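Chemist: Here the protein sequences come in this chain order: A and B.
Okay, so the first sequence: first residue is 1 according to my numbering, each after it adds one.
Okay, so the second sequence: first residue is 1 according to my numbering, each after it adds one.
Just so you know, these hints were derived from the structure itself, not from any lab.
Heads up, a few of these hints could be off.
Pairs count within a copy or across copies, as identical chains cannot be separated in the list.
Heads up, simulated DSS-like pairs for lysine-lysine below, C-alpha to C-alpha not over 30 Å straight-line [unchecked claim]:
{"no.": "1", "residue 1": "LYS20", "residue 2": "LYS182"}
{"no.": "2", "residue 1": "LYS20", "residue 2": "LYS134"}
{"no.": "3", "residue 1": "LYS182", "residue 2": "LYS271"}
{"no.": "4", "residue 1": "LYS131", "residue 2": "LYS20"}
{"no.": "5", "residue 1": "LYS20", "residue 2": "LYS188"}
{"no.": "6", "residue 1": "LYS309", "residue 2": "LYS104"}
{"no.": "7", "residue 1": "LYS244", "residue 2": "LYS38"}
{"no.": "8", "residue 1": "LYS90", "residue 2": "LYS105"}
{"no.": "9", "residue 1": "LYS271", "residue 2": "LYS42"}
If you're wondering where the values come from, they're calculated on a predicted model, not measured in any experiment.
2 protein chains.
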Amino acid sequence: MVKRCSLCGASAVTWIPESKQYLCAEHYLEYFERRVLKTIEKFRLLKNVKKLLIAVSGGKDSTVLLYVMHKFFSREINLVGFTIDLGIGKYSRESTEIAIRNYKKLGIEYIVVNLKRSYGFDIDDSVRFRKWIKRPPCSICGIVKRYLMNKVALEINADAIATGHNLDDLALFMMSALQGGKVEELTKLTLYNPSINGFVAKIKPLGLVSDKETLLYALISGLEFYEEECPYAPQRGLRTTIIKALDVAENNHPGFKRYFVLNMIRRVIPKLPKPQGRIMRCAICNMPASNNVCSFCKIRARINEVIQKYRNK
Amino acid sequence: MVKRCSLCGASAVTWIPESKQYLCAEHYLEYFERRVLKTIEKFRLLKNVKKLLIAVSGGKDSTVLLYVMHKFFSREINLVGFTIDLGIGKYSRESTEIAIRNYKKLGIEYIVVNLKRSYGFDIDDSVRFRKWIKRPPCSICGIVKRYLMNKVALEINADAIATGHNLDDLALFMMSALQGGKVEELTKLTLYNPSINGFVAKIKPLGLVSDKETLLYALISGLEFYEEECPYAPQRGLRTTIIKALDVAENNHPGFKRYFVLNMIRRVIPKLPKPQGRIMRCAICNMPASNNVCSFCKIRARINEVIQKYRNK
């Protein structure tokens with residue numbers, strides 16, 4: 001039997017367990033946007049932001065982020081899209097194409113960096129030469145993304161970088177950091193990370209909407225996004241275990257993740273000591289770094305060296 | 001097929017996933033005791049303790065605690081058992097009897113307080129008159145236990161109170177406190193809570209052995225313990241949800257809870273600000289309190305008032 005929207009009686013597309021409401025497509029979009037706008041307002045994510053770099057992979061989260069930011073803020077804020085072609089075969093090719101199509105469709109200024117062309121290596125190389133590089137590709141990919149986002153944001157004088165991390169990402173990262181006792185990582189798991197030591201501020205406008213909610217918004221809005229997961233995404237391991245456990249909690253107690261993330265952000269994380277760190281510059285690229293040479297330049301040198309040495313093996 | 005002990009080849013009683021070992025009864029008992037003794041040593045739980053009050057309900061955890069403390073420390077430390085007859089029908093009657101039998105068997109000095117006889121009310125009253133008292137029985141039971149443990153420990157000049165909380169209890173309490181953003185509660189979730197503001201120090205020697213491990217130890221050692229759960233223990237709700245989620249994590253990733261609890265204790269909790277609080281005395285009972293009148297005296301007065309008023313309803 002078709003359920004009816006609790007607000008208007010039209011046929012419903014979803015059930016919001018926390019507020020015990022069925023919502024139709026129209027009211028669902030409203031609900032989702034209101035939640036994102038409230039997050040931005042309450043946590044002052046766009047305070048003093050005149051130019052914003054939006055990190056877009058082409059997947060559902062970053063596509064929804066781009067779309068919502070454009071819909072509500074393109075008049076007041078100079079929005080610039082940013083996509084990295086990470087060189088993960090078809091995955092990177094197609095998702096980058098989709099990102100570019102969305103930029104064009106919305107008329108948003110954008111920057112695309114091709115990792116291989118600009119820096120001589122890509123993520124496929126980090127997998128192909130893995131046994132010599134001795135660092136998992138996901139870790140390298142993280143370093144690359146953080147470095148390039150920050151570099152480009154500095155170059156264009158952006159006041160902040162927006163990423164598409166959602167509620168499920170935050171809950172997972174928090175639980176992993178807690179389980180591993182990683183206090184410094186925990187302190188960064190907020191919706192607004194201020195600019196510190198030369199790093200540009202970062203915001204997570206989708207941090208309080210769930211994975212499913214974001215997917216439904218993308219589908220109902222008819223957004224074009226890349227649907228496949230990264231082929232290197234781990235299918236097992238601690239990360240998968242924590243995702244499963246959090247899903248059990250959420251299914252038994254709808255709203256579990258939202259309360260957990262909100263209480264961590266509001267009450268627990270602010271009580272932890274902020275990481276101090278010094279303002280340093282990388283001796284190679286002159287970008288902000290926490291060591292003499294930044295992680296990106298180190299890994300770039302290492303992979304390029306390995307490629308030269310073992311390319312024919 | 002019977003599995004063989006990885007250490008001696010005798011028939012195994014259990015599998016320890018973290019160390020990937022099958023163990024026979026004898027080696028299991030050794031393993032368990034070693035873990036408890038290591039916990040006591042590493043976290044200096046018995047430093048400067050000459051007299052220890054052991055809180056014993058008669059259930060498996062506190063019975064194992066009593067037995068292990070007696071086995072290893074009865075020569076150096078003056079051990080005193082402490083049991084409260086909470087007045088939860090047959091549950092309290094039988095578990096108290098078992099506790100007393102164990103004290104006698106081991107030749108341990110002990111104190112039993114009958115809540116109804118000493119203070120005019122019991123937990124069954126708090127359930128029977130619930131609608132007038134407006135406070136869940138589990139919350140009242142917690143106040144009663146904490147108050148009486150501390151009172152008796154002060155009266156006999158004990159240096160610390162040992163409770164039977166195990167790894168699963170700690171993981172559950174931590175996750176609940178994190179999800180609810182309860183920072184002050186979190187700071188108390190350690191293996192050693194120092195004496196503060198007139199409250200006696202508390203230790204949790206079983207804090208790093210699991211529920212199952214403790215049960216197996218009790219069974220193999222042939223200890224007599226009360227097997228039933230409290231009839232008022234909630235069968236649903238957030239607590240049950242968190243237990244389920246943590247069990248999923250543990251089953252997928254053996255050792256999950258132990259790493260979580262250890263990392264919380266070692267790395268996260270020490271970074272949180274310690275609760276300050278003032279040294280106060282309850283105007284009624286003169287025991288340490290965090291308000292003018294302590295929670296116990298408040299709830300005692302309230303329940304006794306309600307009993308007088310509604311006893312015939």
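Chemist: Hints first: check each against the structure and report whether it holds.
Modeler: Okay, the hints, checked on the actual structure:
1. LYS20 x LYS182: between (36 Å within a copy, 26 Å between copies)
2. LYS20 x LYS134: between (49 Å within a copy, 26 Å between copies)
3. LYS182 x LYS271: Result: close both inside a copy and across copies, 15 Å intra and 11 Å inter.
4. LYS131 x LYS20: Between. Shortest inter-copy distance 27 Å satisfies the 30 Å Cα cut-off; intra-copy 52 Å does not.
5. LYS20 x LYS188: Answer is neither: 32 Å inside a copy and 36 Å across each miss the 30 Å cutoff.
6. LYS309 x LYS104: Neither: 41 Å inside a copy, 76 Å across copies.
7. LYS244 x LYS38: Cα proximity of LYS244 and LYS38: one copy only (29 Å, versus 32 Å across).
8. LYS90 x LYS105: within (22 Å within a copy, 72 Å between copies)
9. LYS271 x LYS42: Classified as both: same-chain Cα gap 19 Å, cross-chain 27 Å, threshold 30 Å.
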